[in-house]
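Protein chains in written order, with our numbering: chain A, 1 to 270; chain B, 1 to 333.
You may find that some hints are simply not true.
[Said to hold, decoys possible] Taking CB as the label site, the calculated pair distances span:
#1 B:A183 x A:R101: 41 to 47 Å
#2 A:A115 x B:N69: 43 to 49 Å
#3 B:G64 x A:L180: 40 to 46 Å
#4 B:A132 x A:S122: 55 to 61 Å
#5 B:E109 x A:A115: 57 to 63 Å
[As the list claims (entries may be wrong)] Partial list, derived from the structure: chain A residues whose beta carbon lies under 7 Å from chain B:
#6 V186
#7 L192
#8 P193
Please keep in mind that the hints were generated in silico from the structure rather than gathered at the bench. We treat Cβ as the ideally placed atom computed from N, Cα and C, and that holds for glycine.
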Amino acid sequence: MKGLKLSRVLTYVGAVLMALWILVPIWLIAVSAFSTRQGIFDFPKALLPNPFSADTMSFFLGATNVLPSAGRSVVVALITIVISTLIGAPAGYALARFNFRGRDVFRLAIVSTRAFPIVILSIPIAVAYLQLGINDNVFSLALMHCALALPFTILVTSSVFAGVPKDLEEAAETLGCSPLQAFMRVVLPLALPGLAAATLFTFVLSWNEVFASVILTSRNRTLPALLVAQLDESPLNYKYAGGFFLLAPSMVFMLFIRKYLFTLWGRVSR
Amino acid sequence: MAEIQLDHIIKTYGKARATNDVSLTIKDKEFMVLLGPSGCGKTTLLRAIAGLEAIDSGTVTIGGRDVTNVPPRFRDIAMVFQSYAVFPHLTVWDNIAFGLRMKKLPDAEVKKRVENSAEMLRITDYLKRFPAQLSGGQRQRVAVARALAMPSGVLLMDEPLSNLDALLRLDMRAELKKLLRDAGATTVYVTHDQVEALSLGDRIAVMKQGVILQCDSPLRVYDHPVDKFVGGFIGNPPMNFLRAEGLASIGLIAPPGYDLVGIRAENLDSFTSPMSGALEASILVVEPLGSHNLITAKVGDELIKVNTRAELMPEPGSKLWLKPMPDKVRWFK
């Protein structure tokens, strides 16, 4: 009885420590982003910014290039979503429904592209982009982001489609639907929440992506690339505000899609 | 006219033949039951009729039309799935109306058919609800209502009662029998429950390992099973099988070539004192089942099950004399 209790306690302690590990930096960034210029240097820090000030954020947003970069980040993310969904969703459906030769190899290949370190790829890709003349361009960056996002899109959508019973499609076919009609009228409505989650995840992925963005853009930077490039020169409050601005959409979206995050690790969840 | 003709249907999964050259004729408006244990090929055959399973060879003909290469939506069928397959994102009303709307029937007719069907299955009160708000039994009714609302001549049912609890299953069986009789469609019904098969079918096709062993009326399948498997599968308790030489002592001689005798538990007269022409058996277990007793006994080294009247309560270990009714004795190889 005592042994059981001890392991329980340790589990909770571990969980709390992990949560703090993540949450403390986030809290630090959030508080600093809404403190006054002087308030950032306060030590020890109050739990809530005192006084609450929008100075830092507005300073950040007003700085040169920040809003255009943010805009570019949004555009890149949107293009990434469209392309990766158009390619990824049908692939996910095929993986879920059809038993084709090489299916498991295909699935393994998709997962292993993510295991490939992007650091190694970066120089060759940058060179290729420069040679093709598509460097420093939101569309070509979106293409790169697609390559990064596609494995997730395919796996998540395949999980979502697998979660819709095949029976329902077959019933629809016996009731007069062609396979496409069965998909549109029965599978899609049921898969929509999961697909929306995959879309949001792709957005977060693209919005936060910094490495490829830094390498592949110079003048038309996305927001993460901009912040990284200015890391040496920017003042502390600028960094905090930037960090918060990058963090905020991700946190919000993750709240909505947390249920579907399990599918990323292979578990089908409803 | 919705006669179904299956000719030499072969369907293979990997190395195994799910249906091994199966041929069957189902008459117009007939209620055909496909009965057999798991893996015998009955569901594969049903899905071949529906068009959900592409067959390797053979032909499927419905109403005189060769539909072997025709997709399900053009076969004029209605199907009830074992899992019900009721659409969770639609109301009961929309579920039942689904197929009718796909056929582009006028709204007035759709309304009439949906309400008619719902009334037949007694789910009129649930028409506005979603499947998630219904119990399993109610969802099953929705599935049946959806199939019956369709103006098709063929009804296919894949173990529709197997997910219901025992009492509900009993009620639904009787209800289904009356409903389907009134509907007048050619029905193909898959089940592994032999009681369901006996109760519902005009004819039963008993299947094993991809082959139809016997296709006959329930009475004939029960009384004259074609082999040991059919005799042992149909009836509760299963038919008793004894070595033929054991019965020579009471004057029952096997025809040449047959070495096994089959006799059902209810076709043995039992006596508590020695009787000529009866086999001596020692009682192992007495199960009082209310309307009768089920006695498990040993004849020589073979087990035998006997139904006796409820008042006969012998002690385990005591002897019983069993006389098979001569016209109910069956011979097998």
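Hints, one by one, checked against the model:
Our hint of 41 to 47 Å for A183 of chain B and R101 of chain A holds, since their Cβ atoms are close to 44 Å apart. Judged by the Cβ atoms, the range 43 to 49 Å given for A115 of chain A and N69 of chain B holds: they are separated by roughly 45 Å. As the Cβ distance of G64 of chain B to L180 of chain A is approximately 30 Å, the hint placing it in 40 to 46 Å is violated. Distance hint check: the CB atoms of A132 of chain B and S122 of chain A are about 49 Å apart, inconsistent with the given range 55 to 61 Å.
Checking the proposed 57 to 63 Å range against E109 of chain B and A115 of chain A shows it holds: the Cβ atoms sit about 58 Å from each other. This hint holds: V186 of chain A has a C-beta 6 Å from the nearest C-beta of chain B, less than the 7 Å allowed. Of the supplied interface hints, the one on L192 of chain A is violated, with its beta-carbon coming no nearer than about 9 Å to a beta-carbon of chain B, more than 7 Å. About 11 Å separates the beta-carbon of P193 of chain A from the nearest beta-carbon of chain B, more than 7 Å, and the hint is not met.
Hints 3, 4, 7, 8, counting from the list given before, are not met by this structure.
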